[in-house]
Amino acid sequence: MGFATNLLNVICYVPLLGALVIVFVLRKEQSAAIKTVATVVVGLDFVLSLPLWFLYDPGGPAFQFSYVHDWIPAVGARYHVGVDGISVLLILLTTLLGFIAVYSSFTAITHRQKEYYVFLLLLQTGMLGVFISLDFILFYLFWEAMLVPMYFLIGIWGGPRKLYAAIKFFLYTLFGSVLMLVGILALYFYNSTGLKAIGLPGLGHTPTFDVTDLFKIATQIPPHVQFWVFLAFFIGFAIKVPMFPFHTWLPDAHVEAPTAGSVILAGVLLKMGTYGFIRFSLPLLPDATRKAVPWVVTLAIIGIVYGALVAMAQKDMKKLVAYSSVSHLGFVMLGMFALNPQGLTGSVLQMINHGLSTGGLFLLVGIIYERRHTRMIADYGGIAKVMPIYAMMFMVITMASIGLPTLNGFIGEFTILVGVFNRSTTWAVIAATSLVLGAGYMLWLYQRVFFGEITHEENKALKDVNLREQWTLIPLIVLCFWIGIYPKPFFRILEPSIKRVVEVVDPGYLNRPAFELPAAPPAAHPQEH
Amino acid sequence: MRADLIALLPELVLATLAMVVLLAGLASGKPRHGLLSAGAVLALAATGVTLWLAAGATDPAAHFFSGMFALDRFAVFFKTLFLLSSALVVLLSLDYLKRNDYRPGEYLALVMFATVGMMTMASGVNLAVIYVGLELMALSTYILAGYFRREVKSHEAAAKYFVLGALSSGILLYGLSLIYGATGTLDLATLARVLAGAKPGPTAVVGVALLACGFLFKVAAVPFHVWTPDVYEGAPTPITAFMSVGPKAAAFAMFLRVFVGGLAPLAASWVWLMGAAAVLTMIWGNVAALTQDNVKRMLAYSSIAHAGYALVGLVAGGPAGVNSVLFYMLVYTVTNLGAFGFVIMLESRGYAGETVADYAGLARRHPAAAFGMLLFMLSLGGIPPTAGFMGKLYLFAAAVNAGYVWLVVVAVVMSAVSLYYYLRIVLQMYLREGDGVEPAELVAAPWTERVIWVCGAAVLLIGVLPAPFLAAARATAGLLGLP
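Residue numbers (the numbering used here), protein chains in the order written: chain B, 1 to 529; chain E, 1001 to 1483.
For the record, the hints were derived by calculation from the structure and aren't laboratory data. Worth double-checking, as some hints may not be accurate.
[To be verified] Distance windows between CB atoms, simulated:
hint	chain 1	residue 1	chain 2	residue 2	range
1	E	V1226	B	S424	54 to 62 Å
2	E	L1290	B	H224	34 to 42 Å
3	B	P223	E	L1290	33 to 41 Å
4	E	L1290	B	W471	41 to 49 Å
5	E	A1268	B	H224	24 to 32 Å
6	B	P201	E	L1005	43 to 51 Å
7	B	T5	E	P1468	23 to 31 Å
8	E	P1468	B	H111	37 to 45 Å
9	B	K315	E	N1294	38 to 46 Å
10	B	L443	E	A1467	56 to 64 Å
11	E	P1468	B	T212	25 to 33 Å
12	B	R492	E	P1468	41 to 49 Å
13	B	N511	E	L1290	51 to 59 Å
14	B	F215	E	A1061	40 to 48 Å
[What the hints assert, rightly or not] Here chain E is said to cover these stretches of chain B; the calculated rule only asks that three of the stretch's residues, wherever they fall, bring their Cβ under 8 Å from a Cβ of chain E:
hint	region
15	71 to 80
16	146 to 153
17	168 to 175
18	179 to 190
[Said to hold, decoys possible] Non-contacting residues of chain B with respect to chain E, defined by C-beta distances greater than 12 Å in every case (computed):
hint	residue
19	K35
20	W53
21	F215
22	Q220
23	P245
24	F421
25	T426
26	V436
27	P487
28	L510
Ideal Cβ positions, reconstructed from N, Cα and C, are used throughout, including at glycine.
Could you build all of it, start to finish, from the sequences and the hints given here?
Here it is, written out as structure tokens:
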């Protein structure tokens, strides 16, 4: 019952406690106090999550900081939380973006503030719960409960079509997750008593929803069972990612959501799907995963190219960034389904990168929207003259997003490409080519908004970013540079966890050389050492 | 004989006290709502205590009155649930009756008589006893549906309910008589033995089919559901709440006793029928609810859909299936009573405030009650961390385990669809604002509000820590008079 065993619970429930404090202690007129409490709570939560970075031991057991407690013994669902390298990074991303989301909302949200911060804090708890759960029922509970605050964030504080966007977001993602639940149940019964009426005997183990126990049977599940369960999981996760052709909820949700909502949505919520794949689909259903590679990769590549092309045609900045997410997450999926260490590592790193850069882009769009109340690219032009700091920050984030070396996007995309190349040259060529499209739409956006003469009178009086706004962006920019220049600590944290996934999903991979290099002369070795 | 009377004591106590309440209501010159309601709640509580004492003093495996009546844990679970739901309904009715100026005496007595009927249904191990209980419950409920004699809608509800209910009882009775003709017994255990021993003839099969139709009618499953929306809309709202939980749970109790118990040997010939009814009910209930603007009608279709989910558990069968239905009935009872509590608070006079649009902006004016309604809607839709999620999880788990994956796929897809109409109410309460409409006022109804709080707390508690409730529902396994 020490620090390490309770740390995850504390991180997960601090925002919930904060929400309860706001609900029961503060009145809705005390808007300053509400903001302070919310900021302190998410800030504290971020500080609390930092020990994970320092204390997580990559050489240690697969899941650390574990906490296990009986929950529903009747069905074998336990309260089991724990983290590996992948979830550590995603938790840190969540707490950081949560803080930024709250901090960036001070002036953007002017009505119903109390409810706003309560929902934002509840959303934090839901997301953190997803990343720490190691029991399927617990995971599913957080996974669905998270939809409710997000529904309200879009539906109450969103744009003109908020009601449509909110319900579409909710139903779309819910539809996917209920099918996933059927997959979870099938897996659960296959492990224990089997499915009687369709003549599928089970393995006879103690019924459990514990993921770490189910990992042990991954190789014993027959292919046809894996196929159906994979399909159920795939629908749930692919909608959340979102992969082409399940992406249609995303532009609506993003465009209508308030800035902080978009930051959380792009930064963390979209990672839920990819996280689901890497945490559950790959290690639990290795056979089906291998067979699904061509299909998933095809969809991922279509997503990359389609997202980029559609982004290029957008007139609305926010919509452009939204479609760029479809393209970026196609890249993440591509790297993941290379099923080798480079691809998977790049994939997870790119999840973080996308969270930072796209989160940053939504913040930037939000900042200018607050000033001008328009997001149309055509309403701007020559902004660099009046908002130089803003222009510079926008430039850095843009470069991070398109993958310029020394920035994080480059490291992620490069690692993914190495992994993909390792599996198929064709895919790698297509994927690398599509990077040009990404550079195309982002730079074109930048050019139209910032360069040239100021074409609209109203833009001449625009104020540059204030200190608070700068401080929402500076952490992101620092991290972009950090990952871009010295990514080693990130790789170090990810490596063993990724290795465990690869061992299951492609056994023997780690024993074969990545490239068929010509054999070096034996005499060369002693000289090197 | 002494043991027989002890087993029947809870029903005797409640029936006696119901008559006391009835007489007290007649004797008092002016309507004494608070006093009589308190009396009714105390009577139900006293019955609950008697029930636990009686259950402790008798052998759960024994049958009383020459094999007519059982007091096993299945019966105790359902009776506790009925007493609880009736007590909550009495509290929901308190402010409502006062506001609409109707006398409480007969009303409360009828609720209690109906409860006696439901309790008898849960205990009956002989088809005749079950039928007697059913009729006692049904007759009381017919009157209650028409209790608001100054409202035309209430008359209409009672007339429709009575005509169609009587018809279904007739069908059911005809089924019983055919089964009796074919097997020579109405005792469930004997019936199971006879049916298992010989290949059943067409008479028995037709009897079972008619029985199934009658039962599906009582739980309001498609295609026997058409009476539900009109009756639910027209009846006084607390009675709608009552009908949607108590009699429905009682019908499921009898369903489980008769089909999973006595008619188990014929399972092959009725399972597909129930499966088809479940699919139709889930699809039709949910799809029809999508287009309803009247909240009571919407909740009526929603309750049809929920009967469909519960039928999935019946189809799954076995101890797991039965347990999941029991647990689901508990979950559904607290959720639905809470939801109707909110509807009651909104109805300012007569039937005003029933359309979805009347809910606009309520979250601003009444945050606490609106939050309760949010929980109930999420629970009905099966979203965690509410009880509805846990209830559906166990139902669907039982069905997957039994191999009915296709049925579960239909069920989960339809529950995703159902969120659309549940969220319509949430949307009105939380997301609509500033459209020039003044948000409606909730009437001051302290007791109704307390019921909402109790139900809301229960919904969260069962949703987060379901273990003890599941244990209560699980303790009933294998007690259906099965070999």
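*asked:* Name the hints, by number, that the structure is in violation of.
replied: Per hint list: zero violations.
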